[in-house]
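Number of protein chains: 2
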Amino acid sequence: MRVPYDTMKGEFCRVLTKKGLRKEKAELSARLFADASRDGVYTHGLNRFVKFMKSVDNGTVDLQAEASCAEYYGFFERWDGHRGPGNLNAYRCTERAIELAKQYKIGVIGLRNTNHWMRPGNYGLMAVDNDCIGIFFTNTVPNMPPWGGKDAKLGNNPVVFAAPNGDTPMLVDVAMSMFSYGKLEAYKREGKLLPVEGGFNSKQELTKDPSEILETHESLPIGYWKGSGISLALDLIASTLSGGRTSKMVGELPAETELSQTFIVIDINQFPDRDEILRKISDTLEDLKLAEPVKEGVPVHFPGEHMKQIREENMKLGVPVDEHYWQNVLDM
Amino acid sequence: MRVPYDTMKGEFCRVLTKKGLRKEKAELSARLFADASRDGVYTHGLNRFVKFMKSVDNGTVDLQAEASCAEYYGFFERWDGHRGPGNLNAYRCTERAIELAKQYKIGVIGLRNTNHWMRPGNYGLMAVDNDCIGIFFTNTVPNMPPWGGKDAKLGNNPVVFAAPNGDTPMLVDVAMSMFSYGKLEAYKREGKLLPVEGGFNSKQELTKDPSEILETHESLPIGYWKGSGISLALDLIASTLSGGRTSKMVGELPAETELSQTFIVIDINQFPDRDEILRKISDTLEDLKLAEPVKEGVPVHFPGEHMKQIREENMKLGVPVDEHYWQNVLDM
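As they're listed, the protein sequences go chains A and B.
Residue numbering for the first sequence follows this note's numbering, starting at 1 and increasing by one per position.
Residue numbering for the second sequence follows this note's numbering, starting at 1 and increasing by one per position.
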């Protein structure tokens, strides 16, 4: 089933307004959710909206709260999200980091006390729309064991890297676990094995079976010990820059909230070699595609390259929806 | 065979001085090489020294060149390495990034036209010795295929994250390939299989056999498509911030040189919540060690935790050396 983009956005907006969010903010939040589904990131669009509204209902997210600047240090600011909606907080901090980068070449924001930012690629695209490179990361509730351990002590701490490249920007959007729990559940629902090992089974063997990992909750860090270390580092950096909670401290709360996030924006337009930088980015991305493919007829693509095509298709034919989730929204 | 640390450092210094490097710089470079071996990073200490001296002899490294600041923007500076010794250039830029962080809380340096920085953990340790968090990365010559491709189009672009924690700092020091070529060769020499899959064989199957990967030169990015994307992003960021070469452009040179590197330092002492930040870091690291171990009796450790013990052992008993490399140095 497919639903027109505007219908989807309109429904999200209706629900948010009904809950008391003022129109301008409801429209922005609705757009951020709808954009995720439009661009093919269904897990963080419609499919997440229902869960988001539950977190509003149970008080984890304060729908009315707005992020505000807590400390100013020129190119670097610390913001407090006051447990407001994660996507609106992240949008605001990205916007502000872009402003700072326009002034200082690089803008850095540490955001504390925020909530799940939904699809981080949205913020990456805001950066590239302004000819900026964006580097964004967040901590999460502990949901991944450190290498060598069984207990979830680390977050999977997603990171986004975005770089402008005409109408097909580079967009790297990756969590530090090999597969998110959302992905594991999707594979399980479809009765499929993972394409590569994604965690441990109860015998502590690496497995491609999503059900086994969903049972042990022992998901695998990317690059084994390497992703385990990177995830740890991102958590310490995000909590230091923001003055907010570490993943461990988030795990001490009854629900995942009060997250720490980092927004770094580099404004290419402010560099003396602006044109050369843009050319270097585009040359690198074009060059990747020239690699001899492993599978004949399946050319190498760079991260984000296919998004434009998915977006165009979804705008033309409507955005694919899981009917169960869609009905949920209509009933709200 | 083991050699006293001071003897090793002294020999490095003797060779460098003989080549014309002035005493003060020769001593620093010798110390950086010896420190790597002392801390157990043998691949980037003694074992790399011989190769480094060859790159001096063949003109890839200009032993006399010194990094200098090319553009000042407050907390952010662009430096030119003038193809000088990579370890001295990186040392200088780390030192400067620490100075900037003392003034601005965060210091950022983009370094271009530099050479292999040898063991990046050295710079991480400089940061933590100053109560700073360090984030350092470099691009390299293309040596890793992008996900889905066979040709080396990406660098393995090592990254270091360091955070202070008393006398056992966190030190994450990882390349974006699962195993460096140095590691693959070491496993091959010892006739061992890799602990996890590290690349592709000629049938395009993932393999743990280091010889097969050394043949195809198709090493595996950490987290498959994820590390492929992260490596790409790091290259674009390092080349943008420095105004230097991308990995692709480095690949157009006859040898690996004119690299781009990024040095980001966060000075915790300049934050109003300094004590709380240090406590959060230490709490997180301590908590990791409480995870139930996968292998009974093998407790989880955090990255960098074992370094102190190795260092103490090597200072007491002497630094283990590969006799072949050591004889090489003595003969120089």
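No wet-lab data here; the hints were simulated from the structure.
There's no promise every hint is true.
[Unchecked claim] In silico BS3-like cross-links for lysine-lysine, where the CA-CA straight-line distance does not exceed 27 angstroms:
1. A:295 with B:19
2. A:188 with A:208
3. B:54 with A:150
[Claimed, not checked] Beta-carbon label-pair distances, calculated as ranges:
4. B:6 with A:253: 38 to 44 angstroms
5. A:74 with B:252: 35 to 41 angstroms
6. A:59 with B:270: 33 to 39 angstroms
7. A:274 with B:217: 34 to 40 angstroms
[What the hints assert, rightly or not] Examples of chain A residues toward chain B, derived with CB under 8 angstroms:
8. 53
9. 55
10. 56
11. 59
12. 300
Every residue gets a Cβ at the ideal spot worked out from N, C-alpha and C, and that includes glycine.
Status of each hint after checking the structure:
1. A:295 with B:19: The hint is violated at about 50 angstroms.
2. A:188 with A:208: holds, 11 angstroms
3. B:54 with A:150: With a Cα-Cα distance of about 46 angstroms, the restraint between residue 54 of chain B and residue 150 of chain A is violated, given a limit of 27 angstroms.
4. B:6 with A:253: 38 to 44 angstroms: violated, 52 angstroms
5. A:74 with B:252: 35 to 41 angstroms: holds, 38 angstroms
6. A:59 with B:270: 33 to 39 angstroms: holds, 36 angstroms
7. A:274 with B:217: 34 to 40 angstroms: holds, 35 angstroms
8. 53: violated, 30 angstroms
9. 55: violated, 25 angstroms
10. 56: Hint on residue 56 of chain A: violated, closest Cβ of chain B at ~29 angstroms, above 8 angstroms.
11. 59: Status violated, d = 25 angstroms.
12. 300: Hint holds; residue 300 of chain A Cβ to chain B Cβ min 4 angstroms, cut 8 angstroms.
In the structure shown, a violation is registered for the earlier hints numbered 1, 3, 4, 8, 9, 10, 11, in ascending order.
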